[in-house]
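Please model the complete structure; the sequences and the hints are all you need to start from.
These protein sequences, in sequence, are chains L and G.
Following my numbering, the numbering of the first sequence begins with 1 at its first residue and continues without gaps.
Following my numbering, the numbering of the second sequence begins with 1 at its first residue and continues without gaps.
Certain hints may be false.
Said to hold, decoys possible - Short derived list, chain L residues pointing at chain G, Cβ under 10 Å: (1) A250; (2) L258; (3) T267; (4) T272; (5) V289.
Stated by the list, open to error - Derived DSSO-like pairs: lysine-lysine, alpha-carbon spacing no greater than 27 Å straight-line: (6) L:K325 - L:K314; (7) L:K286 - G:K286; (8) G:K286 - L:K314; (9) L:K300 - L:K314; (10) L:K286 - G:K225; (11) G:K225 - G:K318; (12) G:K19 - G:K44; (13) G:K286 - L:K225; (14) L:K286 - G:K314.
Hints are computed from structural coordinates only; laboratory data are not their basis.
Cβ coordinates follow ideal geometry from the N, Cα and C atoms, glycine included.
There are 2 protein chains.
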Amino acid sequence: MTETKTATERINIERLMSKIEALGQVGGLPGGGVCRLALTDEDKAGRDLVVSWMKELGLKVTVDEVGNIIGIRAGRTDGAPFLMGSHIDTVRTGGYYDGNYGVLGGLEVIACLNDARITTEIPVGVGVFTNEEGARFAPDMLGSLAHQGQLDKEAALGAVSIDGKVLRDELVRIGYMGTEPVGSMRAAGYVELHIEQGPVLEREGITIGAVEGVQGISWTEVNIKGVSNHAGTTPMSMRCDAAYCAARIAVFVRELALRMGRRQVATVGAITVWPNLVNVVANRAKLTVDLRNTDNELLKQAEAELAAFLEQLKQDEKVGIETRKLARFEPVDFAPEMIDLVEREARALGFSVKRMPSGAGHDAQAFAPNCPTGMIFVPSVRGISHNIEEHTEPKDLEAGANVLLRVVLNRAGSAA
Amino acid sequence: MTETKTATERINIERLMSKIEALGQVGGLPGGGVCRLALTDEDKAGRDLVVSWMKELGLKVTVDEVGNIIGIRAGRTDGAPFLMGSHIDTVRTGGYYDGNYGVLGGLEVIACLNDARITTEIPVGVGVFTNEEGARFAPDMLGSLAHQGQLDKEAALGAVSIDGKVLRDELVRIGYMGTEPVGSMRAAGYVELHIEQGPVLEREGITIGAVEGVQGISWTEVNIKGVSNHAGTTPMSMRCDAAYCAARIAVFVRELALRMGRRQVATVGAITVWPNLVNVVANRAKLTVDLRNTDNELLKQAEAELAAFLEQLKQDEKVGIETRKLARFEPVDFAPEMIDLVEREARALGFSVKRMPSGAGHDAQAFAPNCPTGMIFVPSVRGISHNIEEHTEPKDLEAGANVLLRVVLNRAGSAA
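If you want it as structure tokens, here you go:
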């Protein structure tokens, strides 16, 4: 079989869509969307379905000690496989595509290889990683981090869910406490197909995102202590107004992002004030600041500017301000060769492409330090995700999966 | 008895304090403070106690059709009495002084007149007005407004409490549905002794506030409709962030007050955002704006500037903004002759005095359109009120009551 032959292979969108819809029924919500929190009965049913598909496709399926499922298709030679994959756990009101598209897109690529009787040079696999969302257990990306030796097995197994269950027990309960040693599998490379979960591709009319990396994330909770006073009788000069300080911080955070420009984003998504009454100056406020940048030095600069602003505000407004770091992830850069490859294969198929960072975390970032890693994004309608209205057009799902197929053929090599 | 004689009369602070403490036990809370919501069993017990004191002092006690209690001490001539008074209902976690001090200070003045066997030229009375706080029934100042013909009797009687009871029924239940026609009593004047409920007198080291009037109040609820989006994947330029808009409004409101200066105060006390998550751009926010000024034209200007700002913000940030008026009271001016009198008598007693507006509403404002009306303020420790920590030093309570005594002697005339 020649290079010319493989270059003409295309995925079957009907087959892919039928799997997406079938998996979407598992944990399906009455009003649409899916609730398949990690290691629940719904997750077990989803896993069972995916494993049955893997077996139908002839993959050798293993489950490791934290429940990661890997299906491998043999190559001409043994050795480290080139992996596709993602996750099938969802948030409480999730959609059909987040995670599932990467897993099922991978299975569709395997199906195409089977149909075309292509034997790749090295093995090709599809991974389903445990608890990517972090909606039931912390941390998120638990399975892929453990898989790539970046999270201790015991720490992963001891994670406690929001409903008070230990991850180890839940793995046993649903029958996904596997025997494959976790953290030992080397991959020749990893590519993850995923919906963008943001509005950029749709707004710019672009089909494929060649993901350059994952933004670094800094989450800070800010607690402000003011003094409660009567809104009518307290002169402006005598106030220590916690709600006003919260507002100043939210405005500062927006201005900071605009001033820094480029890939700095900054959000105050949560604000709570006490006693929250129309005629009482607030004596307490709590808010969160979400800062993200693809450049760790710039992210550190944003954090430092926020800290300096809070210090000044504390003095100016005579309030107490305490901060608590809720999360801090360094930015992850994907391999230039993988970014280039995604871009090149997309263009070869006639699709418009944009190099872009991922604003959200993904399993791919666990692989990035260990092997050439990349991601392929397709547009999210109205940028909506983690929501039952999450949607991507079938033509875009088809485009992304075709790019995935070509990337796999390129990296795994078509030997026969 | 000569003017010289009456000028030397002084109130008895021990007697006043013993009444304040006794009334404070009625509805007393376990951790301190008082809960005596209008027309509850606790309010009935407080009324019974005050009425018993009025009768001990020889006052002729009447109860009108909305439960206002008036105790009258006869003068040399008949006719309209000069009234003192306030209320004894409290907020849910109230203190010992708000309202109670004006009523019991009035009774202490009566006791002094009795002790000194002074007969005033015109009758002198003490009023206890129903539901001043508005914490159980709306509107606040219900009793005094009805008493001065500014609130229809049927509207007052039909008011429904936060616990679903009709005011008329609750008056009957506690035995305070009186027979005295409400709205018919003319007063020769009214003066109300009250704690400041703000921090100004204490901070400035001043003993007596000669109250010039009550600020006008404008309360607006602002509802903002944005678009929920991922905090990591949504570029700053593509956001319709309801939380950010709420913050902008809170900052604008502070700046507006500082820019207008003088007696403009402005507060955003309540802010709620949805879904209130660290990594989601808020799609909805609700906040309240409390604007107050002693000058109605300036208050209107502040309202207009807020409206213009909201209109601009709506366009700039591509959000929906809707407003709802929660309350609007015009400012009330007290009689210059009464303000002057309070100031003069305070100085005659050697107290420092400050002319100042009231930031909160009081029963006095119901009288202001109908007769010469004034108020005497004394300092509130740390400006705290509507709180179990509400406190005023006994020496300040004594000073205020002595000013009240001299104001009454001046306005009612000492005939014997």
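Here is how each hint holds up against the structure:
{"no.": "1", "hint": "A250", "result": "3 Å, holds"}
{"no.": "2", "hint": "L258", "result": "6 Å, holds"}
{"no.": "3", "hint": "T267", "result": "4 Å, holds"}
{"no.": "4", "hint": "T272", "result": "7 Å, holds"}
{"no.": "5", "hint": "V289", "result": "8 Å, holds"}
{"no.": "6", "hint": "L:K325 - L:K314", "result": "18 Å, holds"}
{"no.": "7", "hint": "L:K286 - G:K286", "result": "16 Å, holds"}
{"no.": "8", "hint": "G:K286 - L:K314", "result": "25 Å, holds"}
{"no.": "9", "hint": "L:K300 - L:K314", "result": "21 Å, holds"}
{"no.": "10", "hint": "L:K286 - G:K225", "result": "22 Å, holds"}
{"no.": "11", "hint": "G:K225 - G:K318", "result": "9 Å, holds"}
{"no.": "12", "hint": "G:K19 - G:K44", "result": "16 Å, holds"}
{"no.": "13", "hint": "G:K286 - L:K225", "result": "21 Å, holds"}
{"no.": "14", "hint": "L:K286 - G:K314", "result": "25 Å, holds"}
Comparing the model with each earlier hint shows no violations; every hint is respected.
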